[in-house]
Amino acid sequence: MFAELFFQYLVAGLTYGAIYAIVAIGFNIIYNTTGIINFAQGEFVMLGGMTAVTLHERLRLPLPAAIAGAVLVTIGVGALIEVTFIRWLEKPSVLRMIVITIGVSILVREAALLLWGQDVRTLPYFTGDEVSSLSLLGARISPQVLWTLGTCAVAVAFLSAFFKFTMLGREMRACASNRDAAALCGLPTRNLVTLSFVLSAGIGALAGCVVCPITYTQYNVGTGLAIKGFTVAILGGLGDSVASIAAGLILGVVESFSVWVLPTAYKDAISISILLAILFLRPSGLFGAKGSR
Amino acid sequence: MATLILRRTCLTLLAVSAAASPALAEDTIKVGALLAVTGPAAFLGSPEVKTLQMLVEEANARGGLGGKKVQLVVKDTGGSPEKAISFARQLIEEEKVFAIIGPSTSGETMAVKNLAEEGKTILLSCAAAEVIVNPVAKHVFNTPQKDRYAVVKIFQHMKKLGVTRIGLLSSNTGFGKAGKEQVERLAPEYGVQIAVNDVYDKAATDLTAEVTKLKAANVQALVNWSIEPAQAIVIKNARQLGLAIPIFQSHGFGNIQYVKAAGAAAEGVIFPAGRLLVAGGLSDQNPQKAVLLAYKKAYEARYGEEVSTFGGHAYDAFHILVKAVEQAGLDREKARAAIENMKGFVGTAGVFNLSPADHNGLDLGAFELLTVKDRRFVVLDR
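Those protein sequences? They're chains A and B, same order as listed.
With my numbering, letter number 220 in the first sequence gets 220, and the count goes up by one each step, no holes.
With my numbering, letter number 349 in the second sequence gets 349, and the count goes up by one each step, no holes.
Calculated directly from the structure, the hints in this document are not laboratory data.
Where is the CB? At the ideal position from N, CA and C, for every residue including glycine.
There could be a bad hint or two in this list.
Computed footprint of chain A on chain B; a stretch qualifies when at least three of its residues, placed anywhere within it, have a C-beta under 8 Å from a C-beta of chain A [stated by the list, open to error]:
(1) 35 to 42
(2) 198 to 209
(3) 213 to 227
(4) 230 to 243
(5) 257 to 264
Each pair of labels, with its calculated beta carbon distance range [what the hints assert, rightly or not]:
(6) B:LYS69 / A:THR223: 53 to 61 Å
(7) A:GLY128 / B:ASN218: 43 to 51 Å
(8) B:GLU94 / A:PRO62: 12 to 20 Å
(9) A:ILE272 / B:LYS334: 50 to 58 Å
(10) B:PRO188 / A:LEU80: 56 to 64 Å
(11) B:ASP374 / A:PRO62: 45 to 53 Å
From the structure, some residues in chain A lie toward chain B, with a derived Cβ separation under 10 Å [claimed, not checked]:
(12) VAL145
(13) LEU146
(14) TRP147
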């Protein structure tokens, strides 16, 4: 019984962690190019889920097509946001960027409320349905959690390869480490920043679609998801997607086990305490190199 | 010169408005709608305000209230008690409304309870918490069924099923807290032990760990008290873990979108609710049937969306006000006394029998136990 419970809590933790991790990845991309945190990242996640639901239910598109469509639409919105609000700024301060992205997130959220209303929506489970689960060492896990973990893995593999091995990826990293120098070398820094918004909007939308059957979606889910995603991105070390996944899973499992021994009400207190401890003891994150940023 | 003209224009405007306003006040009666039209409680305020707009139009087409046209003054609180306070002040002191319908949530209602009392303005709240009408405030009423009766209905059914050991989950909102307290208070009376009693965050995205805790504690039933999407998440998680125990939800589950969201997992969930959700399936002898069907038909035809019990609370509030004015005329104190002594008013939430000691007027019979069958709400067979 004990072992079974242990695995069940572990699996529950993986479920939480998978949700946190996939949202966290999106934060890293824009950070990697611009050095800023995009506080509208949660809205990309919401837009992805909501658009996919609309395409699937209203236009009767098959699920994969609806998800692809949602990713494309969100990419469009991401590019539009960058071009409208960010592109024309000359050397914006961090504070200004924070205020702008928070403003954008409110704008997107209110637009979503007008467009979709306040109803709770969901996509069908990719495999099985709301009650199906797989048995794993006596614990049960929803197939959608595996889909989420799989999507995390693929997204991170793609991003790592992109940033390490492609010219474009390297240019984006150059842009992050020194924008002036990158511009002097002839890199189109403004386009690279737009590209980073496009990428993170795409990843965010994908996250929104894959977690939607588990968490549901609504015009205001972005904020809640973004807070946890942001926590996890910082915990792992900003800019490192692999670290984000590890940190996400660690945090999820810690939260889950905390429910085992403590009242659930302490769950968020525990995750925030961990975040604070990390910020004091290792400001660069669990996996970040010492002394970086 | 310019200042002089400006001053003169201002004076003229003042004179004109001073002349116009008494005339306006003579043929209209203002009713405040202090509702959470947007924000996190919009699922309450939105159907409520739509219902009121529809009813005011109907009332005016029939010649208004006490011979005067009704003017609905809508204030959107966004679900915030602070905004509710300042809007309530505006409605009472500046607009001098005849009565206020709302607020939508219990927290907001408690924030403005004293204002209504001091301003001697009738407040017909659409929120359920028992503290709104207990202790009784002279001018404050509410129209939803009491939390306590929802819990009693659930416990009565548990007794029938022989359930003595339950797990209780609730969200960290006013609604969740009020329900949790009622369950804790009434459990001993029905010989029920609460083996797990956990509160989760209202924005919870997955509750597998909490459900695991219930599984480990070997409970015979799960009671969940929340109004957020989490109530549809928790039943999925329970069924995914293979937990085959009966699941009880609060009356907050009475919104078909949660059934759609939970899909197969929603089947068999038991919850107390007013009869609006199952109006078509009621017997013709039921006194509420005609009222419910008329409201449902009018609302759905006009707004193209499914009617909800929350809009029904505003429907009841407005009709109670109309009936009071019909009886007592447009004198505030007399209308208030008429509401306080109203008997046998058939509304969407039940049959109201108010008294000076009971400013709600609904009894246990206002609730029906419902369940989900083939993704629809039906009355639970007993």
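Structure-based check of each hint:
1. 35 to 42: holds (count 3)
2. 198 to 209: n = 9 at 8 Å, threshold three: holds.
3. 213 to 227: holds (count 3)
4. 230 to 243: holds (count 7)
5. 257 to 264: holds (count 7)
6. B:LYS69 / A:THR223: 53 to 61 Å: Violated: the Cβ-Cβ distance is about 42 Å, outside 53 to 61 Å.
7. A:GLY128 / B:ASN218: 43 to 51 Å: Taking Cβ atoms as reference, GLY128 of chain A and ASN218 of chain B lie about 27 Å apart, which means the hint is violated.
8. B:GLU94 / A:PRO62: 12 to 20 Å: The hinted range 12 to 20 Å is violated for GLU94 of chain B and PRO62 of chain A, with Cβ atoms some 56 Å apart.
9. A:ILE272 / B:LYS334: 50 to 58 Å: For LYS334 of chain B against ILE272 of chain A, whose Cβ atoms are near 55 Å apart, the range 50 to 58 Å holds.
10. B:PRO188 / A:LEU80: 56 to 64 Å: holds, 59 Å
11. B:ASP374 / A:PRO62: 45 to 53 Å: violated, 25 Å
12. VAL145: holds, 9 Å
13. LEU146: Violated: closest Cβ of chain B sits about 13 Å from LEU146 of chain A, beyond 10 Å.
14. TRP147: violated, 14 Å
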